[in-house]
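A.B. asks: Chains as they are written, first to last, in full-length UniProt numbering: chain A, 1 to 316; chain B, 1 to 316.
Treat the hints as calculated values from the structure; they're not laboratory data.
Positions of the beta carbon are idealized from the N, C-alpha and C atoms, including for glycine.
You may find that some hints are simply not true.
Stated by the list, open to error - Residues from chain B shown here face chain A by an in silico Cβ test under 8 Å; the list is partial:
no. : residue
1   : 158
2   : 159
3   : 170
4   : 245
Number of protein chains: 2
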Amino acid sequence: MEYGEINRIFEENDKFLILTHKSPDGDTLGSGFGLCYFLRDMGKLANVVNSDGFPDRYDFMYAEYKDQDFEPEFIIAVDIADVTLMGSGLAKYQQEGMVDLCIDHHISNKHYAKLTHVEGQTAAAAHILYKIFKESGRKLRDITAKCLYTGIATDTGCFKYENTTPETHMAAAELMAYDIDFANVNRKMFDVKSKGRLKVEQAVTGSMEYYLNDKCAMITITTELMEKCGADPAEFDGLASIPLSAEGVVIGITVKQRHKNVYKISVRTTEEMDASAFCGLFGGGGHIRAAGCEIRGSLEDVKALLIEKAGQVLGI
Amino acid sequence: MEYGEINRIFEENDKFLILTHKSPDGDTLGSGFGLCYFLRDMGKLANVVNSDGFPDRYDFMYAEYKDQDFEPEFIIAVDIADVTLMGSGLAKYQQEGMVDLCIDHHISNKHYAKLTHVEGQTAAAAHILYKIFKESGRKLRDITAKCLYTGIATDTGCFKYENTTPETHMAAAELMAYDIDFANVNRKMFDVKSKGRLKVEQAVTGSMEYYLNDKCAMITITTELMEKCGADPAEFDGLASIPLSAEGVVIGITVKQRHKNVYKISVRTTEEMDASAFCGLFGGGGHIRAAGCEIRGSLEDVKALLIEKAGQVLGI
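Using the sequences provided together with the hints, build the complete structure.
C.D. replies: Shown next as structure tokens:
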């Protein structure tokens, strides 16, 4: 879709409901609240909803947000590639024809909405919204710019990852012209961790073992370790990058217990190895640098098998 | 100095020696090698030196670098605010009048060189060099752009910190037009840690204690813990940000043993507290968010004193 067409939709409708994805991150929230504030500034009614509520972690975006009281007439999904990502709290919007417009940057978008605007090459949904808002010629409020910056920074790992483009940096430069206190936003997003998470990372790093001339590092997250940490199960997500953070490691393996003798394996690799091909050996798959599979057996057997196959691939 | 004037110096001289600071980081090395490659591409002779050698960590900048054989006639210091930062290996350049030109971004620069160009508002020395190179109209090689990007990313924490400006992002956008594999650079700089460092961080995070309704977090690095880790002493540097990484903490205190009953205290604070004023209570000082002091006494007494004073400041 043309940005002008999307802006016309904003102008021609009055009562908007904005859907954000479950387990919300900075991009879906930054996109959702950025759009909400933009629409409200146009004199429209607009609310943001999420299946899981709005986490404290990002409250700088919605500390002063209050729901408005109205019956939605136009429903927009932001950063939601598939209806299943809406979560149970937004189940009623998962039915066909419920969502009027979807704005997303996942090339895998299922085109479940009546109208879909996808830019697979844009690093964040919030960046797409920024481009749409810019086309409108309307002035943004500081909080709107802050939401958009947050979305862009989130999905690029603060401009660290491969999906960052010159255009991403240009957008950041422009958004910094607003009063957005970006350094504090970044601190909250990238440097601050819950006490539970710190404990979990400490325990997991402590379990790290090195194999194959230290080219392979492995962490093991057993049910026992999870219970010992006493932290929320969500704190055990996203740990798979840890083994690859050790210098010289080319394959980082995370072995996470699902049930007795059932292990979920997450693999991360440097450019020296194909994670997807490696997980394919066990019936799994994924991307070239990040993939996964499931292996059944005793922990010892699972680990031994992984190390044996990794050794074969690396020729060690 | 005008950029044109600096470019004239590059043109009018032929045999350059480039000094980088001791314990080299991505900015001094990125500036040094970026300048070296730029000068060599002009047909000049140029070498880079450092008191401590060039770490493997940054070898993507100098994997193919070889010293040239010549007698230096013009000496340039990059990112070196003070002669003491040259280190013992470069002692002979610390004498007055030895350095011809210093290019730096530290406002505290001591102006020890015959000519000094300082931009205190520019986040990285490498960014200053980029602006100089741009003014020359000369084309950069990919490796030169990669060095400059590395310097800029290093000193801004990958565009995370307050010193990042719209201009910083614009420079990054322009440098990304070259083939610089920036995602891999960032992975090596920000995500990869030595095995020793991982062990140290794990041990130190394990020692973290919370006080004052969890608004104060403290880590303690004793000689005993350092010995137990068996890691290089340098791996214990730069840990002071860890206590402030716990959610809700407004003052993070690092207590590091120097000798028996002598402790070096590093303090980091959020916007709710003044680190410099706090350390001033113990005869220390520093910046508003990062400061330090030294306290003598038993570990128990030192910790109790710090917690008591922090409680008074926070009114807890």
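A.B. asks: If a hint holds in the structure, say so; if it doesn't, say that too.
C.D. replies: Outcome of the hint check:
1. Proximity of residue 158(B) to chain A holds as hinted, the smallest CB-CB distance being about 5 Å (cut-off 8 Å).
2. Against a cut-off of 8 Å between C-beta atoms, the interface hint on residue 159(B) holds, since the closest Cβ of chain A lies about 5 Å away.
3. A hinted interface residue such as residue 170(B) counts as satisfied when its beta carbon comes closer than 8 Å to some beta carbon of chain A; here the least separation is about 5 Å, so the hint holds.
4. A hinted interface residue such as residue 245(B) counts as satisfied when its beta carbon comes closer than 8 Å to some beta carbon of chain A; here the least separation is about 5 Å, so the hint holds.
Of the numbered hints stated above, none is contradicted by the structure.
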